[in-house]
Amino acid sequence: MDVKWPPQVEAQLKKVVSGVSSRSVRGQQCALETLGLLRSVVGTCRWKTARELLERIRWIGRVLIDAQRVELTVGNVVRRVLLIVREDYAQLRRNDVGATTTPSLHDVLRGREDDDALDAQVPELRQNVIEQISELYDEIATSVDPIAAMSREHLHANDIVFTSGNSDDVVAFFKASRARFETLVAETAPSMAGHRLAARLPNATVVPEAAVYALMSRVHKIVLPAHAVLANGALLTPSPGYLLALAAKQHKVPVIGLAPLYRLCPQYPHDPLDLADLHSPQDVLPYALLPSSVKHDTPPPQVLNPTLDLVPPDLIDLYLTNTGAHQPSYVYRLLAELYSPLDHDL
Amino acid sequence: MSLVDLFTKLVADDDVAIPVAAIQVLLGVIERSKAATMHGLDEELRSACTELLRADPAMLRGRTRISLASGSELFLRHVTRTFLEFEDFERCKAELLKRGETFLGRSRDSRERIAALGHAFVRDGSVVLVHGRSRVVIALLLRANETKQFKVLVTESTGFPSDFEDAGIATRVVSDSAVGYFMERVDCVLVGAEGVVENGGVINKIGTLVVATCAHARAKPVYVAAESYKFARVYPLNQRDLPDDIDDAAPTCDYTPPHYIKLLFTDLGVLTPAAVSDELIRLYS
Amino acid sequence: MATPPPTSGSAEAPDCPNVNNVNNNNNNNKGPPASSTKKATTTKAERRALQEKQRAAKAALRGEGEGAKKSEGAKKSDGAKKKEPPKETNDREESPSIVSHLVPFTKRTIGPTVSTGVHPEIVSLGLRYASGAVDGANLRCVAMVAAFKAAVRDYSCPTDAAIARDLDKKLKTMIQFLIDCRPHSVSMGAAIKHTRAVVSRLAPETTEAEAKVTVREALDRFVHERIVLPGRVIAERGAEKIRDGDVVVTFGAGGDAVRAVFAAAARRKSRFRVVVVDARPKLGGRSLLPFLHGLGVETTYVLLGAVAAAIRLATTVFVGAEALFSNGAALADAGTAAVAMTAAHAHVPVLVCCETYKFHAKVQLDSLSWNELGDPDDLGAGGEPTTKTTNNRLYLRYDVTPDTDITAVITEHGLVPPSACAVLVRELELQQADAPPR
Chain G
1 MDVKWPPQVE AQLKKVVSGV SSRSVRGQQC ALETLGLLRS VVGTCRWKTA RELLERIRWI
61 GRVLIDAQRV ELTVGNVVRR VLLIVREDYA QLRRNDVGAT TTPSLHDVLR GREDDDALDA
121 QVPELRQNVI EQISELYDEI ATSVDPIAAM SREHLHANDI VFTSGNSDDV VAFFKASRAR
181 FETLVAETAP SMAGHRLAAR LPNATVVPEA AVYALMSRVH KIVLPAHAVL ANGALLTPSP
241 GYLLALAAKQ HKVPVIGLAP LYRLCPQYPH DPLDLADLHS PQDVLPYALL PSSVKHDTPP
301 PQVLNPTLDL VPPDLIDLYL TNTGAHQPSY VYRLLAELYS PLDHDL
Chain C
1 MSLVDLFTKL VADDDVAIPV AAIQVLLGVI ERSKAATMHG LDEELRSACT ELLRADPAML
61 RGRTRISLAS GSELFLRHVT RTFLEFEDFE RCKAELLKRG ETFLGRSRDS RERIAALGHA
121 FVRDGSVVLV HGRSRVVIAL LLRANETKQF KVLVTESTGF PSDFEDAGIA TRVVSDSAVG
181 YFMERVDCVL VGAEGVVENG GVINKIGTLV VATCAHARAK PVYVAAESYK FARVYPLNQR
241 DLPDDIDDAA PTCDYTPPHY IKLLFTDLGV LTPAAVSDEL IRLYS
Chain W
1 MATPPPTSGS AEAPDCPNVN NVNNNNNNNK GPPASSTKKA TTTKAERRAL QEKQRAAKAA
61 LRGEGEGAKK SEGAKKSDGA KKKEPPKETN DREESPSIVS HLVPFTKRTI GPTVSTGVHP
121 EIVSLGLRYA SGAVDGANLR CVAMVAAFKA AVRDYSCPTD AAIARDLDKK LKTMIQFLID
181 CRPHSVSMGA AIKHTRAVVS RLAPETTEAE AKVTVREALD RFVHERIVLP GRVIAERGAE
241 KIRDGDVVVT FGAGGDAVRA VFAAAARRKS RFRVVVVDAR PKLGGRSLLP FLHGLGVETT
301 YVLLGAVAAA IRLATTVFVG AEALFSNGAA LADAGTAAVA MTAAHAHVPV LVCCETYKFH
361 AKVQLDSLSW NELGDPDDLG AGGEPTTKTT NNRLYLRYDV TPDTDITAVI TEHGLVPPSA
421 CAVLVRELEL QQADAPPR
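Chains as they are written, first to last, in full-length UniProt numbering: chain G, 1 to 346; chain C, 1 to 285; chain W, 1 to 438.
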């Protein structure tokens with residue numbers, strides 16, 4: 001982008017890019033840092049029109065997304081901010097707020113304009129947007145609380161609850177429930193995150209993935225953390241979430257996804273392997289154990305280590321978000337309220 | 001020229017969708033209208049709609065009146081809402097005409113917009129089963145062909161493999177009875193729609209239900225490509241509950257329930273069947 | 001000789017995996033010092049000291065998990081004879097209520113010493129069972145038969161005893177010892193049943209030498225006719241279902257039958273790829289890789305969490321089984337059912353390779369009504385220290401794949417639908433009832 005960035009913003013951008021691309025910053029932390037960066041962009045960069053501001057924000061978004069394709073919260077946060085700018089602009093210009101929301105049947109005939117009215121200069125826009133970004137920051141920082149509070153409705157005494165991975169959201173959810181229930185945690189090989197999760201919970205047992213199906217007939221609930229929720233209502237969750245969800249479906253066990261809104265993406269999954277977040281095959285099969293290729297022409301085994309599972313919407317019963325509990329078929333509605341369709345492709 | 005004649009003339013152009021032609025006719029009615037009140041104009045439009053709907057089905061080129069009804073109803077609804085926005089009748093009338101022109105201009109683009117949204121769902125190396133000759137589907141696959149290689153299976157009753165072959169897409173015609181046989185090697189099913197109904201299901205060329213049921217049994221996704229003016233205020237409970245003009249002796253269309261449909265590609269975006277009913281509720285409430 | 005208590009039924013029908021609480025090693029030592037688990041020469045003082053040491057160790061272990069190590073050597077008090085774990089006051093020690101009906105894993109830390117009545121090969125085999133060195137349905141059965149043969153070879157009948165009855169008694173002791181080391185498998189049960197039937201049919205006038213020959217030959221025939229020959233048929237039938245370009249998914253170590261199928265397919269020069277889905281803690285698939293590599297077969301290797309990705313590529317699934325129940329369900333290494341479920345969901349055919357000797361008259365509806373618990377320490381997360389705050393670990397050894405997820409079972413009779421298992425079991429029963437004494 002052929003424009004100058006203030007040195008403070010450049011430095012902040014470098015820091016965020018470095019954290020995101022190295023995966024040292026993930027999930028909620030990543031969302032918050034991105035938001036902080038965008039707040040600086042809005043506050044300290046020089047821009048005159050809403051269009052210019054949108055372009056700058058989009059540019060930052062593309063840089064961050066390129067740094068780490070798997071960290072979908074970045075794109076989500078950028079889109080939230082873009083919608084904030086659009087809506088604030090429209091409100092300040094006393095336009096119909098509907099001008100920037102999802103096109104509806106009514107709009108089709110009304111000839112809704114796209115974004116050709118964003119060239120006016122609105123002086124209050126900067127301050128308004130900064131305030132809204134701060135509000136969004138608070139919302140994201142505390143998003144786990146309303147979700148955890150819902151555990152009282154869903155977790156009951158003597159329940160047996162199955163989960164996997166090592167998610168802070170899951171821990172908060174379980175701890176908020178006053179009921180005494182048992183937890184089974186899939187060990188989540190090869191990262192063994194499940195072992196670490198079980199150590200944080202009072203009444204947990206670690207089981208290998210191999211036992212997931214076997215135990216399911218006596219389980220009451222599955223709780224899965226969301227890496228992301230996609231536009232069709234599918235859940236992107238750490239492996240072996242798919243196994244848990246499919247076995248649960250066979251045994252009619254409800255599956256609950258913990259999905260704070262900053263994890264909702266307006267994208268559709270086209271290729272499951274795209275989103276699988278492949279990690280080093282070495283963790284699955286150490287090089288030392290590969291059969292020797294000295295005698296044979298046969299190539300060594302191909303080893304895959306996908307760490308994220310895509311769980312289709314028909315295997316999820318409920319999403320718990322910071323604004324309430326919703327069915328996967330309702331996700332499109334949430335997305336319509338969070339993002340402008342003009343921003344789906346950054 | 002009577003309305004029906006005008007409509008027939010417009011519809012003769014293969015490239016014009018029936019609801020679009022209907023709306024164009026209705027815009028003409030507004031232009032020529034001597035009514036002085038909104039109520040008067042509304043009545044003229046309604047009687048025009050009725051006249052169109054009474055027209056000879058033959059001119060609809062074998063399609064049902066569903067899309068005609070949906071397009072007309074959509075337009076009438078839009079007119080009513082516009083009346084609420086503008087107090088002055090003359091201004092309202094002018095606005096309707098202006099918007100109508102914009103709409104007509106953009107309706108030709110809607111196929112391209114749907115193609116842009118939907119082509120990503122056709123993956124490189126995949127096999128797509130097509131049923132029913134839909135201009136939107138053709139546009140979508142041609143767009144996908146620009147960046148990907150895939151194979152198309154066209155059912156025999158659909159015909160016209162040249163729609164795809166001419167663009168260099170590997171195409172094969174399969175008999176309708178063989179759909180079950182081929183379904184295990186299909187990656188997705190793509191169909192158009194005569195009408196999209198209130199629960200997100202579709203009414204489309206006869207045989208769509210068979211293909212969708214078979215696809216569902218083999219866990220293959222069924223995608224529908226349809227413009228939003230095909231959304232109809234109809235809620236069929238079963239095949240018997242379809243609009244009257246489907247001749248039971250030789251039905252040309254059937255109803256596919258939303259349960260068998262994964263996604264709809266529309267000019268309003270990619271929608272799940274649940275989202276379709278939301279759209280219709282929003283418009284008609 | 002110690003007689004096993006009646007509840008376990010191990011003396012009468014050892015082919016049934018015990019539905020109720022399996023005969024605990026504790027329950028054995030009702031008899032005199034001739035019991036297999038005690039040193040004949042331990043003095044009273046030494047025993048007392050050992051008991052004290054163990055009591056102290058047990059108190060230290062309290063709060064660390066359900067795999068409480070129990071020692072062998074001490075004479076058990078009544079308290080330890082209880083089949084359930086003792087009443088727990090501390091959260092840590094409770095097994096999840098899901099599996100409280102299953103016998104907790106007990107580690108054999110002190111090897112049983114040689115005692116009268118148990119052949120050293122049986123002892124050594126028992127220890128190998130306990131340590132997991134000998135594992136898998138066919139292997140355990142074949143190893144047991146070999147040990148039986150050695151025991152019979154070295155057997156000498158007391159002059160005043162009827163050979164059939166005496167040999168049977170000795171066998172029962174040995175069988176009980178093996179069961180104490182590790183609950184027996186269905187495959188072992190079938191061999192045990194067969195052996196005892198053969199022994200019981202020995203005519204009273206048979207000489208010791210003749211009896212030994214008869215029994216040993218019968219054992220050889222069993223292995224040959226019920227395991228080796230069927231294996232070859234299964235291999236060929238299975239290989240017919242592997243075509244050029246196929247991607248075959250299998251789970252864990254596979255088992256003899258599955259490996260034979262792959263070998264046969266490779267011999268036919270079919271070009272196919274095998275995706276090995278593996279699971280902790282056994283990770284049997286790692287031994288399958290060099291086997292396939294040696295056959296010249298290209299492989300992919302993933303852990304069970306990635307099974308959905310594996311199934312997306314697959315044309316067929318071949319798995320082995322520990323046993324097949326009369327309701328068409330397959331008992332197999334834990335994780336098999338998950339692979340079958342994922343495949344069935346994706347409409348990929350699932351083929352279970354299983355010789356009919358592992359077919360069982362019992363029915364089992366789910367994986368928990370009976371199962372075997374393994375050593376929870378095997379689930380250690382490698383490097384994570386075991387502290388008081390360590391969570392419980394649960395290691396289920398098996399699972400049950402329902403018949404609805406199985407497309408076909410490959411047996412020595414060819415491919416059969418899972419519903420045919422009940423029929424085949426019945427046929428076998430009828431055949432054995434009619435079988436002339438051999």
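The reader is advised that the hints may include incorrect statements.
[Stated by the list, open to error] The calculated DSBU-like cross-link candidates involving lysine-lysine, where the alpha carbons are at most 35 angstroms apart (straight line), are:
1) 149/W x 362/W
2) 175/G x 252/G
3) 48/G x 14/G
4) 4/G x 48/G
5) 148/C x 9/C
6) 175/G x 249/G
7) 269/W x 148/C
8) 151/C x 193/W
9) 34/C x 48/G
10) 241/W x 193/W
11) 34/C x 98/C
12) 193/W x 170/W
13) 93/C x 151/C
14) 269/W x 170/W
15) 175/G x 221/G
16) 241/W x 249/G
17) 252/G x 241/W
18) 362/W x 249/G
19) 170/W x 362/W
20) 151/C x 249/G
21) 15/G x 48/G
22) 241/W x 148/C
23) 151/C x 269/W
24) 212/W x 252/G
25) 34/C x 9/C
26) 362/W x 221/G
[Unchecked claim] Stretch-level coverage of chain W by chain G, calculated; a stretch enters the list once three of its residues show a Cβ under 8 angstroms from a Cβ in chain G:
27) 340–351
28) 366–372
29) 394–405
If you're looking for bench data, these hints aren't it; they were derived computationally from the structure. As the structure is a computational prediction, the values presented were derived from the model and not from experiment. Note that the Cβ used here is the ideal one computed from N, Cα and C, for glycine as well.
Taking the hints in turn, this is what the structure says about them:
no.	hint	verdict
1	149/W x 362/W	holds, 28 angstroms
2	175/G x 252/G	holds, 25 angstroms
3	48/G x 14/G	holds, 25 angstroms
4	4/G x 48/G	holds, 14 angstroms
5	148/C x 9/C	violated, 38 angstroms
6	175/G x 249/G	holds, 26 angstroms
7	269/W x 148/C	holds, 34 angstroms
8	151/C x 193/W	violated, 58 angstroms
9	34/C x 48/G	violated, 48 angstroms
10	241/W x 193/W	holds, 34 angstroms
11	34/C x 98/C	holds, 18 angstroms
12	193/W x 170/W	holds, 15 angstroms
13	93/C x 151/C	violated, 49 angstroms
14	269/W x 170/W	violated, 50 angstroms
15	175/G x 221/G	holds, 16 angstroms
16	241/W x 249/G	holds, 30 angstroms
17	252/G x 241/W	holds, 34 angstroms
18	362/W x 249/G	holds, 27 angstroms
19	170/W x 362/W	holds, 27 angstroms
20	151/C x 249/G	holds, 33 angstroms
21	15/G x 48/G	holds, 27 angstroms
22	241/W x 148/C	holds, 33 angstroms
23	151/C x 269/W	holds, 30 angstroms
24	212/W x 252/G	violated, 56 angstroms
25	34/C x 9/C	holds, 24 angstroms
26	362/W x 221/G	holds, 30 angstroms
27	340–351	holds (count 3)
28	366–372	holds (count 4)
29	394–405	holds (count 6)
Against the hints set out earlier in the document, violations occur for numbers 5, 8, 9, 13, 14, 24.
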